[in-house]
Amino acid sequence: MALNGNLRDFTITQLLNLINLASKTGTLIIEGPRETAEISFREGKLAYAMIGEKNNNLAGILYGAKKLSASQYRAIQQRAGHVSDKELGLLLINAGYMTQQDILEALQKKFSSVVRQLFTWVEGFFRFDKQKMPPEDRINVRLDLENLIIEGSRQLREWEQLQDEIPSLEMALKFTDRPGADLKNVNLSVEEWRVVSYITPKNKISQIAKATKMDDMEIRRVIYGLIQAGLVEITKPEGAVKPMIKDNMFPTQDKAEQKSLVNRLINRISSI
Amino acid sequence: MQTVKMVVTGPFSSGKTQFIGSVSEIDVVATERKISGEGEKQVKDATTVAMDFGRITVDEDLVLYLFGTPGQKRFDFMWEILSEGMLGFIVMIDSSRPETFREARSILQTFRAYAPTPYVVAANKQDMEDAWELEDMRNALRLDPNVKLLPCVATDLKSVKSVLLELLYSILAEMEAGA
Ligand SMILES: Nc1nc2c(ncn2[C@@H]2O[C@H](COP(=O)(O)OP(=O)(O)O)[C@@H](O)[C@H]2O)c(=O)[nH]1
Ligand SMILES: [Mg+2]
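Protein chains in written order, with the working numbering: chain G, 1 to 272; chain F, 1 to 179.
Just chain G, with the same shape it has in the complex (with noise of 0.2 Å):
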């Protein structure tokens, strides 16, 4: 069973919403023209993420971050060398260089930008593989894909695109009632929350576009970003609810034959 496919296909927001959506754990790697990037989840949240064979070691990061200066990074590289992340950033703690605090802040920070860095690929391949996960001595972050979703989500800039994600603005809203998914853990800009305010299955897209004053463009860009990220759904505006079953659907107008139609169908497939 397989999770692969080509970035021409899948955006990176919408990978990192499959991820999301199914908690998964593993790692997403993709071979684009130049580099080899891979991500690695736990429980659909970011863990660790590099592209190519780039310097992708803690003194590199801290330094990267600022945490340590250039002295301090030359004497690690040159007298540490055998030493593992997850050993050296205990002895940084240790010696009261740095909280365990700042050390995971650096490694989110580069983590998040390696993701942000791969929102500009539109080609390549990508697989997901379940068993692979970062080298045992590196440090995981935990880090909820939302805010990268939306993110990556404002990015998004074909209006094609955006029309085939949301074909009709006459459909409704309503926040998805999905474990985990919380509004308040994400960062949105004013706009964004001014469209949140007015989601329920009693206003349509357009309608909240009305009210927030957004062009048909705007509103479905932060939507597409909200549903992405697993915050919300599209949903039939409420009372517009059409009956499923018709007449013209059955050779018989009445209601106690038409049942037993469809039951005699049951069973001459059962039986087939």
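Treat the hints with caution; some may be incorrect.
[Said to hold, decoys possible] DSSO-like mimics (lysine-lysine), calculated; alpha carbons at most 30 Å apart, straight line:
no. : chain 1 : residue 1 : chain 2 : residue 2
1   : F       : Lys-5     : G       : Lys-66
2   : G       : Lys-236   : G       : Lys-255
3   : F       : Lys-148   : G       : Lys-255
4   : G       : Lys-174   : G       : Lys-210
5   : F       : Lys-148   : G       : Lys-246
6   : G       : Lys-204   : G       : Lys-184
7   : F       : Lys-148   : G       : Lys-242
8   : G       : Lys-45    : F       : Lys-148
[Claimed, not checked] Chain F stretches covered by chain G per the calculated footprint, using a threshold of three residues with CB under 8 Å from any CB of chain G:
no. : region
9   : 9 to 23
10  : 128 to 141
Simulated from the structure, these hints should not be mistaken for laboratory data.
Backbone N, C-alpha and C fix where the C-beta goes; we use that ideal spot for every residue, glycine too.
Chain G is fixed; fit chain F with the ligands onto it per the hints.
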């Protein structure tokens, strides 16, 4: 003689003809013609330009017809014609070709707009190594939790039967809910 019909739709090469052929008691009367569309030709040598058409005789008074829609966009005027008066429809999707999921979603939405009839989605070719898992497909296709997404192998009669039965159960459930 009374007749009812169901429609099998879905992207090109998703397995519609195979699905109907597996249960139909007559040969699926599809006119197979070579087509010239380059991309399509790589996938399959012949495509259906006429409609797939299958029959299941229920008893001496009742016959079920299965219609397959021509997958290509340029025949989509047929969809509306076919969907008139159908009991329900089945959306076939090739689980091993994620590049077709977007089109599948758009076909599904188009059909729902023509007729708010019961439907099920068949994740076909689940026997292929590259097949996506149902949960990932449901999320990628953004199906409502209450829409039935069924594993399917159209070459396997048992599997085809169970997809048809699930659709019939949905129809029955709708009738009971409406009554
Ligand atoms: N492995 C496998 N192949 C299938 C299955 N269903 C259909 N196929 C093959 O997929 C190809 C396209 O199927 P077809 O029924 O012609 O697709 P259509 O364009 O939707 O009518 C044919 O070669 C079929 O034999 C399936 O469940 N498993
Ligand atoms: Mg066919």
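Hints, verified against the model:
Of the supplied pair hints, the one linking Lys-5/F and Lys-66/G is violated, its CA atoms being roughly 69 Å apart against a limit of 30 Å. Between the alpha carbons of Lys-236/G and Lys-255/G the distance comes to roughly 27 Å, so the proposed pair stays at or under 30 Å and holds. The hinted pair formed by Lys-148/F and Lys-255/G meets the criterion: a straight-line CA distance of about 25 Å does not exceed 30 Å. Taken as a hint, the Lys-174/G and Lys-210/G pair is honoured in the structure, with Cα atoms around 18 Å apart against an allowance of 30 Å.
With a C-alpha separation of about 20 Å, the suggested pairing of Lys-148/F with Lys-246/G holds against the 30 Å cut-off. Between Lys-204/G and Lys-184/G, the direct Cα distance comes to roughly 24 Å. Compliance with the 30 Å bound is thereby established for this hinted pair. For a cut-off of 30 Å, the pair hint linking Lys-148/F to Lys-242/G stands: about 19 Å separates their Cα positions. Distance check on the hinted pair: Lys-45/G and Lys-148/F sit about 28 Å apart at the alpha-carbon level, within 30 Å; holds.
With 1 residues having a Cβ less than 8 Å from any Cβ of chain G, the region 9 to 23 of chain F misses the three-residue criterion, and the hint is violated. Coverage of the region 128 to 141 of chain F by chain G holds. Counting CB-CB distances below 8 Å, 9 residues qualify, and the rule asks for three or more.
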